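Chains as they are written, first to last, in the numbering used here: chain A, 1 to 209; chain B, 1001 to 1209.
One should not assume that every hint holds.
As the list claims (entries may be wrong) - List time: in silico EDC-like cross-link candidates among lysine to aspartate or glutamate, alpha-carbon distance up to 16 Å:
hint, chain 1, residue 1, chain 2, residue 2
1, B, K1144, B, E1117
2, B, K1175, A, E117
3, A, K175, B, E1099
4, B, K1017, B, D1055
5, A, K192, A, E81
6, B, K1206, B, E1129
7, B, K1206, A, E129
8, A, K50, A, E34
9, A, K175, B, E1146
10, B, K1192, B, E1085
11, B, K1017, B, D1151
12, A, K17, A, D55
13, A, K133, A, D55
14, A, K206, B, E1146
15, A, K175, B, D1113
16, B, K1144, B, D1080
17, B, K1008, B, E1034
18, B, K1008, B, E1037
19, B, K1175, A, E34
20, B, K1008, B, D1052
21, B, K1192, A, E117
22, B, K1175, A, D113
23, A, K192, B, D1151
24, B, K1022, A, E129
25, A, K97, A, E60
26, A, K206, A, D80
Said to hold, decoys possible - Now the stretches of chain B that chain A is said to cover, found in silico as 3 or more residues with beta-carbon under 8 Å:
hint, region
27, 1010 to 1018
28, 1040 to 1049
29, 1124 to 1131
30, 1137 to 1147
31, 1155 to 1168
By construction, these hints were calculated from the structure, which means they are not laboratory data.
Only a predicted model underlies this, so the values are computations on that prediction, with no experimental measurement involved.
Where is the CB? At the ideal position from N, CA and C, for every residue including glycine.
Here is how the chains run, residue by residue.
There are 2 protein chains.
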Amino acid sequence: MGKEENTKERILEAARKIFHQKGLSGARMSEIAEAAEINKAMLHYYFKTKQDLFDHVFLEAFKQIFPQVISIVGSDKNLDEKIREISSFYNQLLTEKPELPVFVLSSIQENADHFVETITQNIPNNSMEIMGKLMMQIAAAHQKGEIRAIDPRHLIINLVAMSIFPFAMKPLLTKIFGMDEAAFQAFITERKTAVAEFVLNSITLKKES
Amino acid sequence: MGKEENTKERILEAARKIFHQKGLSGARMSEIAEAAEINKAMLHYYFKTKQDLFDHVFLEAFKQIFPQVISIVGSDKNLDEKIREISSFYNQLLTEKPELPVFVLSSIQENADHFVETITQNIPNNSMEIMGKLMMQIAAAHQKGEIRAIDPRHLIINLVAMSIFPFAMKPLLTKIFGMDEAAFQAFITERKTAVAEFVLNSITLKKES
DNA sequence: GTCTATATGTTGATAGAC
DNA sequence: GTCTATCAACATATAGAC
Chain A
1 MGKEENTKER ILEAARKIFH QKGLSGARMS EIAEAAEINK AMLHYYFKTK
51 QDLFDHVFLE AFKQIFPQVI SIVGSDKNLD EKIREISSFY NQLLTEKPEL
101 PVFVLSSIQE NADHFVETIT QNIPNNSMEI MGKLMMQIAA AHQKGEIRAI
151 DPRHLIINLV AMSIFPFAMK PLLTKIFGMD EAAFQAFITE RKTAVAEFVL
201 NSITLKKES
Chain B
1001 MGKEENTKER ILEAARKIFH QKGLSGARMS EIAEAAEINK AMLHYYFKTK
1051 QDLFDHVFLE AFKQIFPQVI SIVGSDKNLD EKIREISSFY NQLLTEKPEL
1101 PVFVLSSIQE NADHFVETIT QNIPNNSMEI MGKLMMQIAA AHQKGEIRAI
1151 DPRHLIINLV AMSIFPFAMK PLLTKIFGMD EAAFQAFITE RKTAVAEFVL
1201 NSITLKKES
């Protein structure tokens, strides 16, 4: 082998950067080539078509965002730990790559037919079981008087929404709340624990002191 | 005046439908013309360039989603009412137009430079004051022992996130949770009150019974 | 205001030398 | 594997008749 791996990785790096920001139709192959410091012909040597290259980048992004959560939910940890871990996981991932959520969601919205298949194949096929187990876990904690009753789907969605949304809104937030980059980072750092506490405060049944 | 207004509105209807799904670069002027049942030349007669037409559709969408919330937050209602109203507002708007959030956010992400200006001009210039007043309202309720202390920014973001996110995730949710369209609608209907209750449960300080 | 025809520029993709 | 040169298709936008 020569520089192949090196070149292919450079292409992917450039493709990530540009696709994540501009999406499939907004990105130009020539732009990616330039960012990778090669010429257009090389792109087509490593990836037959633009769609091929894009699919690779999309799947990679999708796998980073969603299957992880299902994995945490399916673990043997207790409810507290799961909630804190999910919040913390997104906070860490999206601090580094804040464009990921909008990239994945807009790609799906732009071409649902194409990606629903990709998605189907990359969601753990036991995700329904995992939700069932979570429901049992919630019911058990409710039985013990620790938490109130709540639909597990609402719980997960609420937690994931609060974890992801601020990053999707980043450009707007800084405007509306008048933050600069440092203020935004501070805000996000606060949320790492604030989100988990918000959720736990909502579902926990307080005992009288 | 003849059919002008009619034609212009037909163009905008078609442009909304297609831009909302595919974004600026994914949409084709010929596609919009076809959907509006006119020819391409007419598009350029009513809107000089594709960018002009898009800007019109974007601003319209942006105004529907964000300024409203600031208006509710700035009203004289009490905290309970504001929370329920925001949740209810988004539930109603996005049930009809679920693609709106991803459209707006991806448009901004694709061309931040261009839209940050548009956004700046269309956010109420007293939004900082409004956040200040909300902080006072929260502090007052906290003083009275009704709610716990919470940063108003986190409160608003959490509420808006939970209200909007399920619609942005619609294609994924139906897959992950195995819902059909009817099940999704039922789920969303539940959330209209469930989200507000979730937030209120989190911030309210329970008295012993 | 509405149409047909066309100009002008880009884009993704390939052919073929090295 | 990497490059230069080029093609064919398409998209936005305009000219000009009605």
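Do the hints match the structure? See the list:
Distance check on the hinted pair: K1144 (chain B) and E1117 (chain B) sit about 41 Å apart at the alpha-carbon level, beyond 16 Å; violated. With a CA separation close to 10 Å, the supplied pair K1175 (chain B) and E117 (chain A) stays within the 16 Å bound. Of the pairs offered as hints, the one joining K175 (chain A) and E1099 (chain B) is violated, with about 23 Å between alpha carbons and a cut-off of 16 Å exceeded. Between K1017 (chain B) and D1055 (chain B), the direct Cα distance comes to roughly 14 Å. Compliance with the 16 Å bound is thereby established for this hinted pair.
A distance of roughly 13 Å separates the Cα atoms of K192 (chain A) and E81 (chain A); the hinted pair therefore holds under the 16 Å criterion. Using a Cα cut-off of 16 Å, the hinted pair K1206 (chain B) and E1129 (chain B) is violated, with the two alpha carbons roughly 30 Å apart. With a C-alpha separation of about 34 Å, the suggested pair K1206 (chain B) and E129 (chain A) falls outside the 16 Å cut-off, and the hint is violated. The suggested pairing of K50 (chain A) with E34 (chain A) holds, with an alpha-carbon distance near 15 Å, which does not exceed 16 Å.
For the hint linking K175 (chain A) to E1146 (chain B), the alpha-carbon distance of about 31 Å lies beyond 16 Å, and the restraint is violated. For the suggested pair K1192 (chain B) and E1085 (chain B), the alpha carbons sit about 10 Å apart, so the restraint of at most 16 Å is met. With a CA separation close to 38 Å, the supplied pair K1017 (chain B) and D1151 (chain B) exceeds the 16 Å bound. Between K17 (chain A) and D55 (chain A) the alpha-carbon distance is near 14 Å, which keeps this suggested pair within the 16 Å criterion.
With a C-alpha separation of about 33 Å, the suggested pairing of K133 (chain A) with D55 (chain A) is violated against the 16 Å cut-off. As the CA atoms of K206 (chain A) and E1146 (chain B) are separated by approximately 14 Å, the hinted pair is consistent with the 16 Å bound. A C-alpha spacing of about 13 Å is found between K175 (chain A) and D1113 (chain B), which places the hinted pair at or below 16 Å, so the restraint holds. Only pairs whose Cα atoms come within 16 Å are accepted, and K1144 (chain B) paired with D1080 (chain B) is accepted, the gap being roughly 15 Å.
Of the pairs offered as hints, the one joining K1008 (chain B) and E1034 (chain B) holds, with about 14 Å between alpha carbons and a cut-off of 16 Å not exceeded. For the hint pairing K1008 (chain B) with E1037 (chain B), the CA-to-CA distance comes to about 12 Å; that is within 16 Å, so the pair holds. Pair hint K1175 (chain B) plus E34 (chain A) does not hold up; C-alpha atoms about 38 Å apart against a cutoff of 16 Å. Under the criterion of a C-alpha separation no larger than 16 Å, the hint pairing K1008 (chain B) with D1052 (chain B) is consistent with the structure, at around 13 Å.
Taking the CA atoms of K1192 (chain B) and E117 (chain A), the gap is about 30 Å. The hint is violated against a cut of 16 Å. Distance restraint check for K1175 (chain B) and D113 (chain A): the Cα-Cα separation of roughly 13 Å lies within the 16 Å cut-off, and the hinted pair is therefore satisfied. A distance of roughly 14 Å separates the Cα atoms of K192 (chain A) and D1151 (chain B); the hinted pair therefore holds under the 16 Å criterion. Taken as a hint, the K1022 (chain B) and E129 (chain A) pair is broken in the structure, with Cα atoms around 34 Å apart against an allowance of 16 Å.
This hinted pair checks out: K97 (chain A) and E60 (chain A) have alpha carbons roughly 13 Å apart, not beyond 16 Å. For the hint linking K206 (chain A) to D80 (chain A), the alpha-carbon distance of about 15 Å falls within 16 Å, and the restraint holds. Only when three residues or more bring their CB closer than 8 Å to a CB of chain A does the claim for the region 1010 to 1018 of chain B stand; here the count is 0, and the claim is violated. For the region 1040 to 1049 of chain B, the stated coverage by chain A is violated: 0 residues have a C-beta nearer than 8 Å to a C-beta of that chain, whereas at least 3 were required.
Given a C-beta distance limit of less than 8 Å, the hint that chain A covers the region 1124 to 1131 of chain B holds, as 3 residues qualify and 3 suffice. Counting residues of the region 1137 to 1147 of chain B whose beta carbon lies closer than 8 Å to any beta carbon of chain A gives 0, which falls below the threshold of three, so the coverage claim is violated. Counting residues of the region 1155 to 1168 of chain B whose CB falls under 8 Å from any CB of chain A gives 9; the rule of at least 3 is met.
Hints 1, 3, 6, 7, 9, 11, 13, 19, 21, 24, 27, 28 and 30, counting from the list given before, are not met by this structure.
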